[in-house]
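S.K.: The chain contents come next:
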Amino acid sequence: MQLNKRQFLMGSAALAMAGRVGGARAANAISYWHHFTSQSEMTSLMKIIGSFQAANAGVAVTQENIPNSEYMAKVSSAVLTGGRPDTAMVIAERFADLTAMEGLIDLTERVNGWQGKANFPENRWTGLSSNGAIYAVPAFAFVDWMYYRADYFEEAGLAGPPTKFDEFLGACRKLTDPSKGRYAFGMRAGAGGFKYVIDVMEAFGSPIVKDGQPAIDRAAAVEAITFYSDLFLKEKVVPPSAPNDSYRQIMEGFRTGQTAMVWHHTGSLNEISAAMKQGNQFSTAPMPAGPKAHVARVAYAGNGIMKEDNIEAAWQWVSFWGQTDAALTLLEGTGYFPASAAALQDQRITGNPIYNAAVETLKFGRLPNNFVGAAGWSENVVNPAFQSVLTGQSTPEQAVDRMIQGLEAALR
Amino acid sequence: MTSSSSRYLPLRALGELSETRYWMYLLLLPSLVMILLVIAYPTLYGMAISFRDMRLTRPGLDGWVGFKHYAGMWSDPVFWIALKNTVVWVTAAIVLELALGLLAATALNRDLPGTKIFAVLILLPYFLPNVVAGHMWALLLDPRLGVINDLLVRVGVLETYKAWFADPNTALAATVLVEAWHGFPFFALLLLAGLKSIPEDLYRAAAVDGAGVSAQLRLITLPMLKTVIAAAVILRVIGLVNSPDLLLILTGGGPGDATQVLSLYAFQTAYKEFNFGYASALSVVMFVILMIFAAAYIRLSRITKGEGDD
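Chains A and B are the protein sequences, given in the same order. The numbering of the first sequence is our numbering, which starts it at 1 and goes up by one. The numbering of the second sequence is our numbering, which starts it at 1001 and goes up by one.
Looking at chain A on its own, in the form it has when it is part of the complex (with noise of 0.2 Å):
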């Protein structure tokens, strides 16, 4: 078929007007960021998303799932080109950078007004507050534990899981086996194993940040990288392939039996409980405690407010997923960890033995390092630094030190 001159144009410019009229959004849509990608993670985020639009009617929520490594790269480029999405998930390592790039928009009035702050004790507004003003609802919880291979301790003959870190260093040694190709901790020192380096720098001694100035105690956090490399290095507990390893690689290791124990958080419980029974094969332990601290990761995740446009949908949207009902349906889809109080009653946590280590790691727990420039520094600075001593190429004092140049350049 052939156009003229004339139908072309009218062909272009109806095509213009359907673009508009397509493009015009229902006046309570709202947009909601996140990066949940696994089925469970999806099926429970569109049961909630289902339940807030039963209860909400007139209120649809667009969500958009991003993958967790390219998060905040995107919401970085919407936050400086001006295409903010109306709601956005936030944890609370990213939670300093989202509000120094005023990011978020202050929600304490509406939490203060909001009859659901009840279920939520004050440490869980901590961290996701900025001198003095809440910018998210908590949602969930990320509790850093310990699981372990119940079966290998008892046939290495050990009572129970590590307390300490010289018990650690003890069942390291006695479920290491090479001629089994068997490993006794699955070291993280790829992509995010910088969390733990941090925690045992930490649990040594030495703070990171304090009052918003550099902290690192060089004694003490070479002392700790000195120990935590060891395991690699000299005792040879861990997989050689720890230095590239991330959350992928240390999960296979545990669940195809490579490796005795692991440290992660509750996310992961539903993926282990999937390929080995609870009880029997793994079970879950609060992570032994350091010389001079005992340190794990409490970690809460909210949704916060991008763009005041539909301010009123969102807040009813991020406000949702405080309350009970929703902390339960992600619990009970994917093992996530509910920050509300109320929710933690529930008979599913109460009455199951595998969240004894959580609830007792919520008596300890710290929240993860909240300084802007913490995320950067963590990934671009600890884990290279920490990665060169695996390999070799620098000493746990050359590591420290360049930690400390970075962290005074983060905080410049």
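Don't take every hint at face value.
[Unchecked claim] Heads up, simulated DSS-like pairs for lysine-lysine below, C-alpha to C-alpha not over 30 Å straight-line:
1. A:277 with A:174
2. A:236 with A:180
3. A:210 with B:1068
4. A:74 with A:164
5. A:74 with B:1116
6. B:1226 with B:1116
[Stated by the list, open to error] Covered stretches of chain B, going by a simulated chain A footprint (3 or more residues, C-beta under 8 Å):
7. 1053 to 1065
8. 1142 to 1149
9. 1166 to 1178
10. 1225 to 1237
[What the hints assert, rightly or not] Quick look at which bits of chain A chain B covers, simulated, 3 or more residues with Cβ under 8 Å:
11. 96 to 102
12. 231 to 241
13. 253 to 262
14. 273 to 287
15. 391 to 403
Please keep in mind that the hints were generated in silico from the structure rather than gathered at the bench. Keep in mind that this is a model prediction, so the values were computed, not measured. Glycine included, each C-beta is placed from N, C-alpha and C at the ideal position.
Chain B: place on chain A using the hints.
M.R.: Chain B in isolation, oriented as in the chain A frame:
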């Protein structure tokens, strides 16, 4: 009547314009606007940012700092490691891809039975997005479940499974091999097109004069493919220097900084530290290096020289 004619006036004016020689400029206008908006403006804006302090997490820092970021690179050890790795990674990948591409193109040019199927199979890696190729090779080379480790142990090359990406001595080489596998079909495709355009008579005449296979390759094939090779190399170098995605998936620049390259360093500086000023300066350096490389390469390969100039 008046109102009717005025309502259609814009369309009529367009219709009249289409009869003139200015219509061509009007048709080019959308492309020009797009180029200005999508290429020229971001490039110039990026260059301008490199002279400013711009951190998203420090909204107060937004001043002109001149060459501060460029001066900072001199004392930034990661920059120099990334620069060295970029040169090694790109050079090794290009050499391998060119060699494999030439081999594949020569084989496909023979028009033997089954070459069409082989042509499709050879091109398959190039159709895979970097993200898919990266995850696939991460699994193939996995130190626990990897098929390649299993094969190498079975044939006796390795005693135990090797963690290729966890060892700084093998990590960069392993990523180069993955990149070469992914990128060689690009060369195969272009070189095959080039080979098809070489007259068969030249080879027959050379054979009559006693030229063997290697002499034919050296004296006919390579000189005739010079322009195609130069264009392919330039395009591929630009692609490799600017694409951090494969390394981001396979190693994240590690272990340590063993596989850190400039594009990945710029990406991490921008989107992990939100330091857009320094990241832009790194990008400008990459841009300048690529410009110098392209100019030097074109000059050295003499592809712009006319046939009669000799």
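S.K.: Confirm or reject each hint.
M.R.: Here is how each hint holds up against the structure:
1. Restraint check: the Cα-Cα separation between residue 277 of chain A and residue 174 of chain A comes to about 23 Å, which is no more than 30 Å; the hinted pair holds.
2. Distance hint between residue 236 of chain A and residue 180 of chain A is fulfilled; the C-alpha atoms sit about 14 Å from each other, no more than 30 Å.
3. Taken as a hint, the residue 210 of chain A and residue 1068 of chain B pair is honoured in the structure, with Cα atoms around 29 Å apart against an allowance of 30 Å.
4. Note on residue 74 of chain A and residue 164 of chain A: the hinted pairing is violated, with a Cα-Cα distance of about 40 Å set against a maximum of 30 Å.
5. Only pairs whose Cα atoms come within 30 Å are accepted, and residue 74 of chain A paired with residue 1116 of chain B is rejected, the gap being roughly 42 Å.
6. As the CA atoms of residue 1226 of chain B and residue 1116 of chain B are separated by approximately 25 Å, the hinted pair is consistent with the 30 Å bound.
7. For the segment 1053 to 1065 of chain B, the assignment as covered by chain A holds, since 4 residues bring a beta-carbon within under 8 Å of that chain's beta-carbons and 3 suffice.
8. With 4 residues having a beta carbon nearer than 8 Å to a beta carbon of chain A, the segment 1142 to 1149 of chain B meets the requirement of three or more and the stated coverage holds.
9. Using a Cβ-Cβ cut-off of 8 Å, 4 residues of the segment 1166 to 1178 of chain B lie near chain A, which meets the minimum of three, so the contact claim holds.
10. Remark: the segment 1225 to 1237 of chain B is not confirmed as covered by chain A, as 0 of its residues place a Cβ nearer than 8 Å to a Cβ of that chain, below the required three.
11. Given a C-beta distance limit of less than 8 Å, the hint that chain B covers the segment 96 to 102 of chain A holds, as 5 residues qualify and 3 suffice.
12. As drawn, the segment 231 to 241 of chain A meets chain B at 3 residues by the rule of a beta-carbon pair under 8 Å; at three or more, the given contact holds.
13. Counting residues of the segment 253 to 262 of chain A whose beta carbon lies closer than 8 Å to any beta carbon of chain B gives 3, which meets the minimum of three for the stated coverage.
14. Counting residues of the segment 273 to 287 of chain A whose beta carbon lies closer than 8 Å to any beta carbon of chain B gives 0, which falls short of the minimum of three for the stated coverage.
15. Residues of the segment 391 to 403 of chain A lying with their CB closer than 8 Å to a CB of chain B number 3, which satisfies the three-residue condition for coverage.
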